Amino acid sequence: MPSDNDAKGVTFPSGKEKKEKEKKEKKHGRSIGWIIGVVVLILISVTFVLPTTVFSTNNGQKIVFGSYNGEEIAFIPSYDNYFYNQLSALAQSYGLTQQNAMQVYSQAFYSTVLKTALSQMAETAGITATDRTISDALISSGAFNDENGRFDRSLYDNASAMQIEAMRNNLRDTLPAQTVLSDMLSIKTSDAENEFVSALNDTYRSFDYILVDYNAYPDADAAAYAVTDPAPFMTMDLSVITVATETAANDISAALASGDTTFEEAVSANSTDAYKSDNGNMGAVLYHNLESMLMNSEDAAAVFSTAQGEYAAPVQGYSGWMIFRADSASREADTTDEAVLADIKRYISINDAETMNAYLETASETAYANAQSDFEKAAEALGTEVIHVGASAYNPSSSSFIIGLNANDGRGMLASAAVADEAFHEELFTAEDGTVLAPHMVGSSYVIARPVASDETNELLASYMDSFYTSYAPELAAQDLQTTVFASENFENNFFTVFLNDIMNIGNN
Numbered sequence: 001m002p003s004d005n006d007a008k009g010v011t012f013p014s015g016k017e018k019k020e021k022e023k024k025e026k027k028h029g030r031s032i033g034w035i036i037g038v039v040v041l042i043l044i045s046v047t048f049v050l051p052t053t054v055f056s057t058n059n060g061q062k063i064v065f066g067s068y069n070g071e072e073i074a075f076i077p078s079y080d081n082y083f084y085n086q087l088s089a090l091a092q093s094y095g096l097t098q099q100n101a102m103q104v105y106s107q108a109f110y111s112t113v114l115k116t117a118l119s120q121m122a123e124t125a126g127i128t129a130t131d132r133t134i135s136d137a138l139i140s141s142g143a144f145n146d147e148n149g150r151f152d153r154s155l156y157d158n159a160s161a162m163q164i165e166a167m168r169n170n171l172r173d174t175l176p177a178q179t180v181l182s183d184m185l186s187i188k189t190s191d192a193e194n195e196f197v198s199a200l201n202d203t204y205r206s207f208d209y210i211l212v213d214y215n216a217y218p219d220a221d222a223a224a225y226a227v228t229d230p231a232p233f234m235t236m237d238l239s240v241i242t243v244a245t246e247t248a249a250n251d252i253s254a255a256l257a258s259g260d261t262t263f264e265e266a267v268s269a270n271s272t273d274a275y276k277s278d279n280g281n282m283g284a285v286l287y288h289n290l291e292s293m294l295m296n297s298e299d300a301a302a303v304f305s306t307a308q309g310e311y312a313a314p315v316q317g318y319s320g321w322m323i324f325r326a327d328s329a330s331r332e333a334d335t336t337d338e339a340v341l342a343d344i345k346r347y348i349s350i351n352d353a354e355t356m357n358a359y360l361e362t363a364s365e366t367a368y369a370n371a372q373s374d375f376e377k378a379a380e381a382l383g384t385e386v387i388h389v390g391a392s393a394y395n396p397s398s399s400s401f402i403i404g405l406n407a408n409d410g411r412g413m414l415a416s417a418a419v420a421d422e423a424f425h426e427e428l429f430t431a432e433d434g435t436v437l438a439p440h441m442v443g444s445s446y447v448i449a450r451p452v453a454s455d456e457t458n459e460l461l462a463s464y465m466d467s468f469y470t471s472y473a474p475e476l477a478a479q480d481l482q483t484t485v486f487a488s489e490n491f492e493n494n495f496f497t498v499f500l501n502d503i504m505n506i507g508n509n
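Mapping of the sequence shown onto our numbering: residues 1 to 509, in sequence order.
The set of hints was computed from the structure by calculation and includes no laboratory data.
Computed cross-link-like contacts, EDC-like style, restricted to lysine to aspartate or glutamate with a CA-CA straight-line distance of at most 16 Å:
id, residue 1, residue 2
1, K276, E265
2, K377, D208
3, K62, D80
4, K276, E264
5, K62, E72
6, K377, E365
7, K62, D502
Pairwise CB distance ranges (calculated):
id, residue 1, residue 2, range
8, A161, A125, 31 to 41 Å
9, M162, N490, 31 to 41 Å
10, A307, A381, 44 to 54 Å
11, Q308, R411, 36 to 46 Å
12, G126, N490, 14 to 24 Å
13, S292, R153, 58 to 68 Å
14, A477, S305, 51 to 61 Å
15, A307, F486, 49 to 59 Å
16, T128, E475, 22 to 32 Å
17, S292, D221, 16 to 26 Å
Model, not experiment: these values are computed from the prediction.
Every residue, glycine too, gets a C-beta built ideally from N, C-alpha and C.
Generate coordinates for the entire structure from the input sequences, incorporating the hints supplied.
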């Protein structure tokens, strides 16, 4: 079973250890890890939205996650390894926990791939870092600044030769790549180019729309549905402890059973979920919602059969291994509670789409008829409000340079309908102002739209787009670089498999 604390050079200290560590760092000054973390090159600020997972590691060693143009993308727990420095810097900025480990490792990996590609470009172009450039970068890095942000010669003089050499080597390795990147991002746009992009926003208008979704389903019908099929809506008050491994969960479960620890103590010392701050209290949980949290939905039945005040056996959830305490007996849903009714309606829309769609189709046709005479009252009759979308340009190709519906539709449903149906998108921009358009289905909902006179001037849109495009050009260059590198046939990407096998040890169990 992998250890939760053997973290390849980046540890997971307990709360007490973390406080003691912070005190020591304040007392004894900055470590070499902190210093290199300051000067380490974070190439491009990109948020990779990936699922988080439980984290554990085996012993520190070289781990190859892939390659770029024949050069290994490898993690080595050493200060002259870029991957390691990236991981350390990210961990210092965002923390490195069981919940965010995959995201942090992934960010470090992709940044290393980009740095490798840029370094190869620099080598091809003959770009190197001179000793003078390295010295200047070392001083301007801020690693030796005092509390007022000014360079402190004494801090530099007190640094060990090993620290200085490690930092210089780090800069010697990364500065050429930084030079290439800076050149790429210093793109200038011409006046003619800016004018062309601004002109793309000439066709614009505003909209009102009514969203007919599961919230329009009658409360009485939702309550009746729960009476007919009560099982998914059975409710129990629960508290939970979430940990990384089955072994840890079993140990805590045994300690609870023997009385060696209390539930609250176990939560404080071990739990990693969002309920920790409230002593693990989840409040009232519906049966079908608990099912969605667990790897094996059948485990929900075992939890709901737990007697009040007792602990369920550990079960595996998507965020880790979970130990539930029953804070009440299971009971039928309280259909007088608005939140419960909303949950029932949402459940019907997902699990009994035929029933929900039949109602929404009829409701949307009725609302459409009523909207011909009074748009606002038609929305009110559904228990909802009219959604307004500010001045938007016609953008059938979803261009980043055009301020279209997706930039102004806060709920996103009208924009989604337009993207999914080109004919509907065109109708939105060609129908006369004030025309109520027929209900249009988007997902399991309906939108009833009405174009209205724009409340913004074309000049304002054009002016905004002009400044936006000028500032956006460097980001486009960064995106182009990222796309080119990550889509290259020279990029061998084994991150996910290696992370699971060598970091989490899942493939080795």
